[in-house]
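Residue numbers (the numbering used here), protein chains in the order written: chain W, 17 to 352; chain Z, 17 to 352; chain F, 17 to 352; chain P, 17 to 352.
Derived from the structure by calculation, the hints contain no laboratory data. Model, not experiment: these values are computed from the prediction. Treat the hints with caution; some may be incorrect.
One copy or two, it doesn't matter: identical chains are merged, so the pair holds either way.
To be verified - Listed below are the simulated DSSO-like cross-link pairs for lysine-lysine, each with C-alpha atoms no more than 27 Å apart in a straight line:
1) 336 to 302
2) 291 to 154
3) 154 to 219
4) 129 to 291
5) 302 to 182
6) 154 to 215
7) 312 to 66
8) 108 to 342
9) 215 to 348
10) 66 to 302
11) 302 to 219
12) 66 to 154
13) 342 to 135
14) 302 to 34
15) 302 to 108
16) 34 to 129
17) 66 to 105
18) 291 to 302
19) 215 to 342
There are 4 protein chains.
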Amino acid sequence: MVKEVLRVGVIGCGAIGKEHIERLINVVAQATVVAVYDYFEEVAQSVATKYQIEACESGEALIARDDVDAVLITSTDDTHAVYVFEALKHEKYIFCEKPLALTAQECQEMMAKEIQIGKRLIQVGFNRRFDIGYREMKQAIRAGEIGEPLLIHSAHRNISQAPGFKTDYAITRVAIHEIDITRWLLDEEYDEVQVLTVKQSRKTTGDWLNPQLVMFKTQSGQRIDVEVQTDGAYAYDIQCQVVGENGTLNLPDPARVLKRTAGQYTYGLTDHWAKRFIDSYDTEFKEWAASVLSDKLVGPSAWDGYVSCVVADRLIQSRKSGNVEKIELVEKAEIY
Amino acid sequence: MVKEVLRVGVIGCGAIGKEHIERLINVVAQATVVAVYDYFEEVAQSVATKYQIEACESGEALIARDDVDAVLITSTDDTHAVYVFEALKHEKYIFCEKPLALTAQECQEMMAKEIQIGKRLIQVGFNRRFDIGYREMKQAIRAGEIGEPLLIHSAHRNISQAPGFKTDYAITRVAIHEIDITRWLLDEEYDEVQVLTVKQSRKTTGDWLNPQLVMFKTQSGQRIDVEVQTDGAYAYDIQCQVVGENGTLNLPDPARVLKRTAGQYTYGLTDHWAKRFIDSYDTEFKEWAASVLSDKLVGPSAWDGYVSCVVADRLIQSRKSGNVEKIELVEKAEIY
Amino acid sequence: MVKEVLRVGVIGCGAIGKEHIERLINVVAQATVVAVYDYFEEVAQSVATKYQIEACESGEALIARDDVDAVLITSTDDTHAVYVFEALKHEKYIFCEKPLALTAQECQEMMAKEIQIGKRLIQVGFNRRFDIGYREMKQAIRAGEIGEPLLIHSAHRNISQAPGFKTDYAITRVAIHEIDITRWLLDEEYDEVQVLTVKQSRKTTGDWLNPQLVMFKTQSGQRIDVEVQTDGAYAYDIQCQVVGENGTLNLPDPARVLKRTAGQYTYGLTDHWAKRFIDSYDTEFKEWAASVLSDKLVGPSAWDGYVSCVVADRLIQSRKSGNVEKIELVEKAEIY
Amino acid sequence: MVKEVLRVGVIGCGAIGKEHIERLINVVAQATVVAVYDYFEEVAQSVATKYQIEACESGEALIARDDVDAVLITSTDDTHAVYVFEALKHEKYIFCEKPLALTAQECQEMMAKEIQIGKRLIQVGFNRRFDIGYREMKQAIRAGEIGEPLLIHSAHRNISQAPGFKTDYAITRVAIHEIDITRWLLDEEYDEVQVLTVKQSRKTTGDWLNPQLVMFKTQSGQRIDVEVQTDGAYAYDIQCQVVGENGTLNLPDPARVLKRTAGQYTYGLTDHWAKRFIDSYDTEFKEWAASVLSDKLVGPSAWDGYVSCVVADRLIQSRKSGNVEKIELVEKAEIY
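Chain W on its own, in the form it takes in the complex (with noise of 0.2 Å):
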């Protein structure tokens, strides 16, 4: 006796391609890992090796394999759009990593061709959409428990960098969470975006700008401020506050055991995204096996993947402009 399930080939076998390989064999009940690649053969063949699975010579050999239901993009962010143009010429569903491509046309063009197909194949790595506690605060606000919401305040704190980080990454890799998940919660897109220059840290350990002050306003006038730190911070910290006509709605610590002790009560924070949000991506990548299995996508878009490149290279436009920038969209298509 067996289980059907969805069998996965991973493009990209780095930290987070290992830690998802981990999740796909051994969490997430309704898929399985068959084959990877990796820029590097040997890492690739390590995994292979480690899970008794297929390592291919190329990212295109894997994508073509018939043993393969779907493909999980986790390679370098440039790499991105490639792979997931092969998938699509071969209509496999596709989850890539963000961002989605590194320019807002390369999403575009993607989204034409699921139109074509006439159906979604993309689903964007946003994992926060299926964090718990966002969740309830988008239940609450849906239910009406604040009224209209006005203002989020939010926070995305952390406590080290990856050598090579750049200024501009603070807003590709890091605000791009708060990018989605604003206008998520939100529903609504956005009009205008600014960065603002702040009081550099001393802690930061490279010449990049850090924090970063990130405010968004959305059609309705919303406006959401962001506090980015990319380095030197106390703890992987994230926080958002939705401020509504009758109340706020705050994000919760993960629960911790409370101590009392040395005249201080004190609870422990995360210091790793990977830990704090561990839940998010299992959830995230149990959510899609179901939805492909079933052939209906649910899960955030090519669409969603699109916005947030366009307001990401609004914003670092905004930083070196000094201006408010106006975010400016195509047609959304019915699929969407």
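Dock chains Z, F and P against chain W, hints included.
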């Protein structure tokens, strides 16, 4: 490509049985269910049809099947022992919901059989040991964060009970969890136990005693109080505070969105044990499947089942006698 | 232009005496201190010089002064009764720190004297009744917010004690506050009390028993547990949870700035009762001055002092006997 | 025996005036009120009768009295300056509720007068500097607990406003507190300020803008956002989070009894500023009386009143212009 999984046969398809079947099939990646049995044939049949698995004619037939690697027993309390003995005869791994048996004598016989076989086969369903909060507490105690533990204050509060609830069940089905988790946290056995009568709640829907105040004293003199509310409470709420020489540890509430509305700060509490401890059940079965597949059981043992039987028995006696009752245990075998 | 104020004479200029003198002079707008006495003449003299007031030769001389409207007794415990009787003789208002007397018999005689005079003159220093947290709890209970109260879980934890501390003091000087505040919260007298021995803390600096677990049962069957830590605790920490049929009430920690640093959420706890309850002391004396000026005492009475003597006595007896001890009280007079 | 007290004359017997009179007479041990004046003669007369003090014919007459050591000005905003100038003429100590004047020009003239006299006489009613929470925050910042402060996120939320409220008042009467407390916390002056329009709340009872988002940038580049809700909020709620290089500090909620009922954890929030900040008002006047009696003012000065005028003016300008506005200040004199 398929996953290697533990093939489980399930005896008992009631509410919790159904939940565990769903869990084993769709949540636990390393396990699945191949056969089910229930006293009510149509119940077993309907479950079997839903998952396209086998319904067996008897528990004995299910246990005997070659494709059943391990047996999960969630039938009525009075039938646990007979199925455990049957599975031991086949030297199959057993997961038995608490209580392991109705009498300490039967537990002793099970242990004798395990000792004869030369290894543990039985795991008892004390799910709280898999709860992330209790685990963090145990880790902090072991790390010496609060010095030597001296007292525990705990509460087990329920909103309602199924029809037919009796005063004894407050011990055997409710406080049974605190009987186990407290000795697990402290790594000590009890010396004396007592039940104290308390002013009764008018919200109790039947004629059983509610609340009751349960007291344990460990062999080293630690005192534990357990407030047991079986009916009418404001929520399903579990509280546990370990008091040590240098500090205290409190089990946290599950993380919920923090709201400010209508003049109040507020967050939601859980209304049912199945929601409060859902993660612990998932972890319990994931770890059980992994430990069985690696042929080395580590979860709550027949010894733990035995001790909880003895203690529950003495507590019920204390309620009747009005006295403090002594705990006397047989010698603990090497394998536990 | 001057304020009309209550002119207080203070007997006892030790640590708490000095604090109350400062409070009466510089915090309580409706009171002042006109004369002081202390067993150590130079202590009284130094206080008198500091505030430019009179130092008296004896407590009796102080009580007899025409410009002394009311007497505050903060001398050593064994001298309380003699000064109370002296002040009663002059029919002057009395504020006596707890205990009112060393024996219940003396308290009964004080009550007899008050009854003879026809009104209350004595207030006992149970300051917690003036704490904003306990008051909000009592108000919520009265408003029926948690239904009928059934249990109270409480803790009284101390960092250290003055030299000469003895096991009995854990009751007469520490748990004495819970003896009083609990019956005040519940508006009930106790039926039975008990002290349970507990595993001892190695942080105790002397040879007294620490901790102790104190249990009360009220006449209607409510159960109260009080964990008493007299030495070595992580903070001066007072906890009180009232459990009712419909909910629970918890005494809050004092509001402190919430910090997130070094991987932790944290806020400070208080290290001394004088800080923890400073507001309650201020309120206690403000209300006392106002009630004396209006010739109508409303604070803790000689009856409350009497009951606490009886209960403390039975608790000490219970510790020695190992038994539950019965509480027997004389009849309560009209004026209390 | 009487206390030596500061004899205060009060100009303005409206709601807040009455509160302060009661406070000076019955709460502040070192002060009392000897005379009052109000534009409405019968109001002053009724207050005078209640406390058996003098009602004066004019503010000028009150200021001139020999038995008036210091003047408290709580009349309407537009009359503050004239009474301050009159009291300066008599070289009497002045406590003036904010705003010190309607224009920065008048504040400058007051400072010129103080400099000429050679010492500070004016204290402005920025009560938050006396709040225990803000004080603990400032102390923690100074102690370096969070490193260098980089940002502040704050909110000032109100349930309702008196009739006649206007959009400008959101700055001059509401955000004025954040204008002051933020520069006090950071010990820095502002460089730029801005008001951002926000989606409007349908709960606003008049035609003023609500909410508004106020932004400050300090001279060292720290960014402060202040959400200003003037009407319709769920409570009177003040939030302040200082973000430093090493951690954050949050102003706590006032301590309230923690309740668990009906499926929720909950505690009450305050509905009015007079309750939320009652302790800070008490402390403010106690410290003012003490500092005046010792002839050395230390509270918020004419300089602080001046800066808040300049900043409020620039914020209103920003709302109208839609631009970031520069803050330009005169040189700060030695005595401030």
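Hint by hint, here is what the structure shows:
{"no.": "1", "hint": "336 to 302", "verdict": "neither (40 Å within a copy, 51 Å between copies)"}
{"no.": "2", "hint": "291 to 154", "verdict": "both (22 Å within a copy, 20 Å between copies)"}
{"no.": "3", "hint": "154 to 219", "verdict": "between (35 Å within a copy, 22 Å between copies)"}
{"no.": "4", "hint": "129 to 291", "verdict": "neither (36 Å within a copy, 42 Å between copies)"}
{"no.": "5", "hint": "302 to 182", "verdict": "neither (33 Å within a copy, 41 Å between copies)"}
{"no.": "6", "hint": "154 to 215", "verdict": "between (33 Å within a copy, 19 Å between copies)"}
{"no.": "7", "hint": "312 to 66", "verdict": "between (32 Å within a copy, 21 Å between copies)"}
{"no.": "8", "hint": "108 to 342", "verdict": "neither (35 Å within a copy, 57 Å between copies)"}
{"no.": "9", "hint": "215 to 348", "verdict": "between (39 Å within a copy, 24 Å between copies)"}
{"no.": "10", "hint": "66 to 302", "verdict": "both (22 Å within a copy, 20 Å between copies)"}
{"no.": "11", "hint": "302 to 219", "verdict": "neither (38 Å within a copy, 41 Å between copies)"}
{"no.": "12", "hint": "66 to 154", "verdict": "neither (40 Å within a copy, 33 Å between copies)"}
{"no.": "13", "hint": "342 to 135", "verdict": "neither (30 Å within a copy, 53 Å between copies)"}
{"no.": "14", "hint": "302 to 34", "verdict": "both (17 Å within a copy, 20 Å between copies)"}
{"no.": "15", "hint": "302 to 108", "verdict": "within (18 Å within a copy, 31 Å between copies)"}
{"no.": "16", "hint": "34 to 129", "verdict": "neither (30 Å within a copy, 43 Å between copies)"}
{"no.": "17", "hint": "66 to 105", "verdict": "neither (31 Å within a copy, 36 Å between copies)"}
{"no.": "18", "hint": "291 to 302", "verdict": "both (18 Å within a copy, 19 Å between copies)"}
{"no.": "19", "hint": "215 to 342", "verdict": "both (25 Å within a copy, 17 Å between copies)"}
Of the numbered hints stated above, those contradicted by the structure are hints 1, 4, 5, 8, 11, 12, 13, 16, 17, listed in ascending order.
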